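Chemist: Add chain B to chain A, keeping to what the hints say.
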Amino acid sequence: MKITIDQDRCVASGQCVTAAMDVFDQRDEDGVVVLLDPSPPAGLAADVRQAAAVCPALAIHVEE
Amino acid sequence: MTETLNPAGIPEFPGARAAGCPFDPPPALRALQGPGPLAKVRLWDGSTPWLVTRHAEQRALLADPRVSADISRPGYPGQTPYRGGGGLSFIMMDDPEHARLRRMVTAPFAVKRVEAMRPAVQKITDDLIDDLLAGPRPVDLVEAFALPVPSLVICELLGVPYADHGFFQDNSKILIRRSSTLEERTASVGRLNEYLDALVARKLAEPGDDLLSRLAYRVKAGELSRREAAQMGVLLLVAGHETTANMIALGTLALLQHPHQLALLRDGDDPKLVAGAVEELLRYLNITHSGRRRVALEDIEIAGQVIRAGDGLIMPNDIANRDATAFPDPDELDIRRDARLHVAFGFGVHQCLGQPLARMELQVVYSTLYRRIPTLRLAAELDQIPFKHDGQVYGVYELPVTW
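Protein chains in written order, with our numbering: chain A, 1 to 64; chain B, 1001 to 1403.
Be aware that one or more of the hints could be misleading.
[Stated by the list, open to error] When the alpha-carbon atoms are kept at most 30 angstroms apart in a straight line, the in silico DSBU-like pairs for lysine-lysine are as follows: (1) B:Lys-1040 - B:Lys-1272; (2) B:Lys-1173 - B:Lys-1123; (3) B:Lys-1220 - B:Lys-1112; (4) A:Lys-2 - B:Lys-1272; (5) B:Lys-1123 - B:Lys-1220; (6) A:Lys-2 - B:Lys-1123.
Think of the hints as simulated: they come from the structure by calculation, not from any bench.
Note that this is a predicted model, so its numbers are computed, not measured.
Looking at chain A on its own, in the form it has when it is part of the complex (with noise of 0.2 angstroms):
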């Protein structure tokens, strides 16, 4: 699994955060999605497919 995020398209709604915690974060400053790892354990796929999924803005894309 390898994941890219936008951070332009990002309205920092923290799902991402909420649904996998040990991938997403958000920066400080403005709450803008910061991805702390790119390909995590296929343990988390199904936490990060849900992130995608509920992201508001389409700003995480996964390819499996």
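Modeler: What follows is chain B alone, placed relative to chain A:
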């Protein structure tokens, strides 16, 4: 409305809920869902925008950059003759201006910042329940609990004195009531803008550790006008208390009407169960029931139809969240289902800014109130409860409870 006003047989929007079904969307709206994802409806001004009936198409269109939230554009399906007047800030703007303003206020709503507020919200909730238990019975849960919790929280976050809650709650009520006249709305927005402008001025002189002070700092730095700062303050203050208050009171009523679900929630001690219950109640209740409004900027092909540039779009989350293709048995309240893909907070770049805070507040309230008052019950018959059928935000005006 009369047949003469509606010669084409296009249904009026919004429709009325069925008697005795206060948690369900209007049947006429549900009926439009069966035939397909797009239908035409007729508004108060005679215009006939598209109604997007299904979950998948609502998500797609709400996230589509060819769709505008700008209320001043021709074709925008207005809820009322009111066209903003500056009180609504970035929720009625498009990017890049929307993003510029919104990003100035996103930091305190980051998940970890919101989590850090959880103990303070727990204390507010516990203190109010102490007062309830020490006070008279029956009591109106809206006035004594549902409104104070989010009002106290948003006041703390923004740096608004809670002592002024009577003023801002009354003006919010005018804004949210569908029947308010244009004059009433304009006057109400004016009063709130004036109040927030004075507060921003005070924060310029004596900054504190709150969101209005950070906006004041941006005013000082020339990144934001005082007017823009005040308008954002109005938006956050109004949206920050009225919505959550309605979820607390209506959620409590729904749980009291579903005692098995209430028992599951009360007797479980898993934070995941509580978080899931919050998502399910958001999906099921849909306190924003007036339909999100947009206008197409370009021709958009979707579901075998072409939405033309300039066509209005209405996307009611209440029917998207009861779409059986997205949520099996959609009319069942089931706190153990996975409801996280609901669109109660909207979708796309305009999704509710305060949703992480609202979620946390609801998690605290729903996991505390029914455990501390396990015998909580209605002190009136369901048909005596005054529902906000006329509100842009749905809920109950009063909820008499006892224990």
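Chemist: Each hint should be assessed against the structure and marked as holding or not.
Modeler: A quick look at each hint next to the structure:
Annotation: proposed proximity of Lys-1040 of chain B to Lys-1272 of chain B is violated, straight-line Cα distance about 40 angstroms (limit 30 angstroms). For the proposed pair Lys-1173 of chain B and Lys-1123 of chain B, the alpha carbon gap of about 27 angstroms is at most 30 angstroms, so the pair holds. For the proposed pair Lys-1220 of chain B and Lys-1112 of chain B, the alpha carbon gap of about 28 angstroms is at most 30 angstroms, so the pair holds. With a C-alpha separation of about 27 angstroms, the suggested pairing of Lys-2 of chain A with Lys-1272 of chain B holds against the 30 angstroms cut-off.
Straight-line distance between C-alpha atoms of Lys-1123 of chain B and Lys-1220 of chain B comes to about 35 angstroms, which puts the hinted pair past the 30 angstroms bound. Between Lys-2 of chain A and Lys-1123 of chain B the alpha-carbon distance is near 42 angstroms, which puts this suggested pair outside the 30 angstroms criterion.
In this structure, the hints that do not hold are numbers 1, 5, 6, in rising order.
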